[in-house]
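Engineer: All chains, full assembly: derive it from the sequences and hints.
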Amino acid sequence: MDDERLIRRIKSGDKNALDDLIQKYYNDIYKYCYRKMGRKSDAEDITQEAFLHFCRNFDSYTQRGKCRNYLYVIARNLCANTLQKKTSLPLSSIKEEYLSENDTGLKQVDAVDSVQAALKQLPEEQRTVILLRFYQDLKLKDIAQIVDAGLSVTKYRLYQGLKTLSKLLLKEDWL
Amino acid sequence: MKINERKIREDLASFSVPAYDPEKMRETVQLAKAAYRERQFAARIGFWEFLSMQLRFIGKWVWLAQVVLLLSVLLAVSRRSFAVNEMQHVFLVFSCAVPLLAFLGFPEILKSYAHGMAEIEGCTRFSMRKLMGARMLILGLADLCCMTVILAASAARSGTPVLRMILYLFVPFNVTCCGCLTVLEHVKSRQGGYFCAAVCVLCIAVFSQLSFVKGFYETAATGMWIVLFFCSLAYFATELFRAFRSFDRLFCSKQETLSVPW
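So the protein lines, in turn, are chains Z and D.
Position 103 of the first sequence, counting from 1, maps to 102 under numbering that gives the first Met the number 0, and the rest follow consecutively.
Position 111 of the second sequence, counting from 1, maps to 110 under numbering that gives the first Met the number 0, and the rest follow consecutively.
Please note that a few of the clues may not be correct.
Here are the simulated EDC-like pairs of lysine to aspartate or glutamate, each with C-alpha atoms no more than 16 Å apart in a straight line [claimed, not checked]:
| id | chain 1 | residue 1 | chain 2 | residue 2 |
| --- | --- | --- | --- | --- |
| 1 | Z | K166 | D | D20 |
| 2 | Z | K84 | Z | D44 |
| 3 | D | K23 | Z | E48 |
| 4 | D | K32 | Z | E124 |
Think of the hints as simulated: they come from the structure by calculation, not from any bench.
Every value quoted in this text rests on a predicted model; they were computed, and no experiment measured them.
Structural biologist: What follows is the structure, given as structure tokens:
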């Protein structure tokens, strides 16, 4: 079901529509939050808070763009707020969590480490664009809307991000 | 430097995400539903929305009675043309119709008390004061519209100065309203309606009798009418204030969950 119809159903007081909307986007928002925060519990909490924020402020939401983009904007702001409050997480804790979740061996954990370390070195704007483009598979137009920037600026950030990432990952391989 | 996008994609793909806890998602759904419900209750509504909401609760018989009364007055006034010194017929019509027009809204205002609904209305979404205020405002505006039509029709037919006609119309109206508001302040029950009806009959009787006293409606008596108008207006305002205070007292200044900007 498309977003417009879902929103119309929610506005008319259909509680199941809210259920459908959350189930439709929960995984996407959770994955985005996880990659931003690097910890499962944080990602789940922020995902929950993003949906609650959406429900509490439902009256101010106007169906102009995609509902998914609006949720990404909320999630992005919540992640930024949480990151501001928290000090950066040691990589060891991510490693432990990763090992407990996926028992696929140390090699994969190292790969995750290097990718995550490389992503962490990117400036915030570039990292967000990379995450949304390569993990969430969003179009550049939608990313521009989420990060509240122009299309050309978003393209530039993506290019710069890829360039830096390529350099960093190549260095990791060489090492 | 050339960017190998495919290579970067492959590298990035290694950063997979652990599956989320389904219990957490179910909890999110429940909390979101609760937040949506709370939002519905906490939402502020505008003054006009509130007024239109209350308009629907006013009985159709009130509007019907007002229309019938208005048409009757217009018919009585327009049946023949009057000379300036033969206005007794118009004054008699005013004396009978205006107190009746003022009275018509009061049974509707007293409805909550007459049907024993005051307690329920007092502890629900809006305060009793706001509900009563909205009803009074709607009925008052309707009365004002009717009076304007009567004033225009009678002034056009008789040629009497509009200011004098306003005095002849509004003094009986104010006096009847004052009497009914006094009743409303002291008697909050089904009997209140009967007392209001009695006040209305009394006003009709007094003003009808006065309409036969020629000197009372002459130009020389205008000063007395002005004094009467301002006195009745002051009394009307005081009674209105007292009536509102009595609604507050009855329900112990309940804190409202929803506020309407006045």
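Engineer: Determine for every hint whether it applies to the structure shown.
Structural biologist: Each hint tested on the structure:
1. Z:K166 x D:D20: Outside the cut-off at roughly 36 Å; violated.
2. Z:K84 x Z:D44: holds (15 Å)
3. D:K23 x Z:E48: Given that 16 Å is the threshold and the Cα spacing comes to 12 Å, the pair holds.
4. D:K32 x Z:E124: violated (33 Å)
Violation of the numbered hints given earlier is confined to hints 1 and 4; the remaining hints are satisfied by the structure.
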